[in-house]
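Asker: Sequence:
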Amino acid sequence: MAAASPPLLLLLLLLVLLLATAATTQCHGPKRHRHHTGGGKTPKTAGATPTTIPATVHAICHATPHPAPCLAAVAAHPDATTAGATTKAVEASAVSVSLTLPPNILSVVLASLRGALSALSSASPAVAALSGPPAASPWVASLRRGAAQDCAELHEASLGSLTRSAALLATPGGESLPAVRAHLAAALTNKATCLDGLAGASGPQVGGLLASLDDAYQHVSNSLALVARRGGGSVSSGFAAEIHSRRLLQDDDDGDDNTGDSDNDNNGDDNGDGNEGSGNADKPAATVITVAKDGTGNFLTVGEAVAAAPNNSETRTVIRIKAGTYEENVEVPVYKTNIAIVGEGRDATVITGSRSAADGWTTFRTATFGVSGEGFLARDVTFRNTAGAGKGQAVALRVNADLAALYRCGVDGNQDALYAHSFRQFYRECAVSGTVDVVFGNAAAVLQGCALLAKAPVPGQSVVLTAQGRGDPNEDTGIAVHNCTVSAAAAASGSRRRRFCPPARAPSLVGRGARTRGRW
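Residue numbers for the sequence shown, in mature numbering (1 follows the signal peptide of the UniProt record, and there is no 0): -22 to -1, 1 to 498.
Just so you know, not all the hints are guaranteed correct.
Quick list of simulated restraints, FRET-style, between CB atoms [as the list claims (entries may be wrong)]: (1) Ala54 with Leu381: 27 to 35 Å; (2) Glu322 with Ala177: 38 to 46 Å; (3) Ala177 with Pro451: 19 to 27 Å; (4) Leu188 with Ser96: 15 to 23 Å; (5) Ala177 with Lys300: 35 to 43 Å.
Under the rule of at most 20 Å between Cα atoms (straight-line distance), these lysine to aspartate or glutamate pairs were calculated in the EDC-like manner [what the hints assert, rightly or not]: (6) Lys369 with Asp325; (7) Lys369 with Glu322; (8) Lys369 with Glu352; (9) Lys369 with Asp337; (10) Lys271 with Glu305; (11) Lys271 with Glu309; (12) Lys271 with Asp337; (13) Lys369 with Glu305; (14) Lys300 with Glu282; (15) Lys300 with Asp337; (16) Lys433 with Glu309; (17) Lys369 with Asp193; (18) Lys271 with Glu282; (19) Lys369 with Glu306.
If you're looking for bench data, these hints aren't it; they were derived computationally from the structure.
None of these values were measured; they are calculated from a predicted model.
All C-beta atoms, glycine included, are put in the ideal place defined by N, C-alpha and C.
Assemble the whole structure, with the sequences as input and the hints as a guide.
Answerer: Structural data, given as structure tokens:
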């Protein structure tokens, strides 16, 4: 084939230039109002400019349970995923955190958290209206007793958990990721508990409130999924490494099980504040408050002592409760932190109530003793709910506080005796008795060296010891039963293990990577 002549080559060159010019004019000419979801851009909205989302962020969002809300959060907060960004201020409920946010998983988590905080804040008026007069909330009369209070408290707790999570993400090296997962899982549990209380409510506002909560918590679920992915999803994530310089509680090799023995000495800890020995000489002294029914203490009731404790305290407040039976329902709010309850023996100091679902209360609000304040400790005291076995859910102790621990305590009820609601909890040498779902909830709870005592249920019911309530596959929650005994309550009428006839040792689920489904 003959070579093209120079005039023909020139003509072809001019044609190529004309086509390139036309394409450039079309790309940079007047914008047309049309939706465009490809090419790494978000749909254009009125008054906003299109936000370019990196392809890596697209891939991250599409790996979450709810990709569309994830991309929407990134589009609403483009600074969170700007390549090479430095020192971005993350404002969440008046908390500002300085972070370096490259377009990676952590940056998308921050965008999702900001989306969740924004959505939850928008829902706050509707949640607050639950407790208002019928004119403001015409469907409040359909609520179960305590439902409005449950939703209001848990809503504020979720806002606090999301704000705390954003702050914890500033910790370098990822050491805070287990705590972030705990807070996000607790927020999702709060939503489920609120919705349980709203079951059966009706009226024009119900649909809108439920939809807004669902939208907000999709962001929380996305954040949790990304944090779990960032943390590698390791079963051992968040557990302390073995320490060989001292004897550990989990390595009780001498075979001596002190389960149920509430007469042990204080092991050198005179006031129960946990400051044993001289190694804590620089630690601020704990504030000690005494409760006594006979008037010899600072207060007559436990509730009064809790109310007198300082708010948001970083030091321990010890409430010593003298022997006696205290008939009251006690709440330790989220702002009452680092409180320790110390009784004079599990059989001597008893806090008792009788609320139940049969009387119209929500399960959450039936608790005789409810704990929301972080760092709660209890020792040598029994929490009891005397509602009969036929009155449905009747919680003796509810714990929805992080880093809570109970030692030599009793939890006595029937259905739903111990409500391990959320966060991280530890129970050592406690006696827990009940009928159905004796220990239940969605906490990361460990029961070690405890006695699980089965009471006779109503006809037609079966005894169920644990019922775990995980609702999201990325939650690292569960109930671990380690070195505990299981027996009938009638055969364990005393407080000492030697009266358990005969005890059955519960299998340990710690360290085996065991996966339970439903009830254990």
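Asker: If a hint holds in the structure, say so; if it does not, say that too.
Answerer: Hints and how they fare:
As the Cβ distance of Ala54 to Leu381 is approximately 33 Å, the hint placing it in 27 to 35 Å holds. Between Glu322 and Ala177 the CB atoms are about 41 Å apart, so this pair conforms to the stated range of 38 to 46 Å. In this structure, Ala177 and Pro451 meet the distance hint of 19 to 27 Å, their C-beta atoms being roughly 24 Å apart. For the hinted restraint 15 to 23 Å between Leu188 and Ser96, the CB-CB distance of approximately 18 Å keeps it satisfied.
For the pair Ala177 and Lys300, the beta carbons lie near 41 Å from each other, so the given range of 35 to 43 Å is met. Annotation: proposed proximity of Lys369 to Asp325 is violated, straight-line Cα distance about 25 Å (limit 20 Å). Straight-line distance between C-alpha atoms of Lys369 and Glu322 comes to about 31 Å, which puts the hinted pair past the 20 Å bound. Taken as a hint, the Lys369 and Glu352 pair is broken in the structure, with Cα atoms around 31 Å apart against an allowance of 20 Å.
For the hint linking Lys369 to Asp337, the alpha-carbon distance of about 8 Å falls within 20 Å, and the restraint holds. With a CA separation close to 11 Å, the supplied pair Lys271 and Glu305 stays within the 20 Å bound. Simply put, Lys271 and Glu309 have alpha-carbon atoms about 19 Å apart, close enough for the 20 Å limit, and the pair holds. The suggested pairing of Lys271 with Asp337 is violated, with an alpha-carbon distance near 28 Å, which exceeds 20 Å.
Taking the CA atoms of Lys369 and Glu305, the gap is near 19 Å; set against the 20 Å cutoff, the hint holds. Restraint check for Lys300 and Glu282: satisfied, since their Cα atoms lie roughly 14 Å apart, inside the 20 Å limit. Pair hint Lys300 plus Asp337 does not hold up; C-alpha atoms about 31 Å apart against a cutoff of 20 Å. A threshold of 20 Å between alpha carbons decides the hint, and for Lys433 with Glu309 the separation of about 27 Å lies outside it, so the pair is violated.
A hinted pair counts as satisfied when its Cα atoms are at most 20 Å apart, and Lys369 with Asp193 does not qualify at roughly 35 Å. For the hint linking Lys271 to Glu282, the alpha-carbon distance of about 12 Å falls within 20 Å, and the restraint holds. Distance check on the hinted pair: Lys369 and Glu306 sit about 19 Å apart at the alpha-carbon level, within 20 Å; holds.
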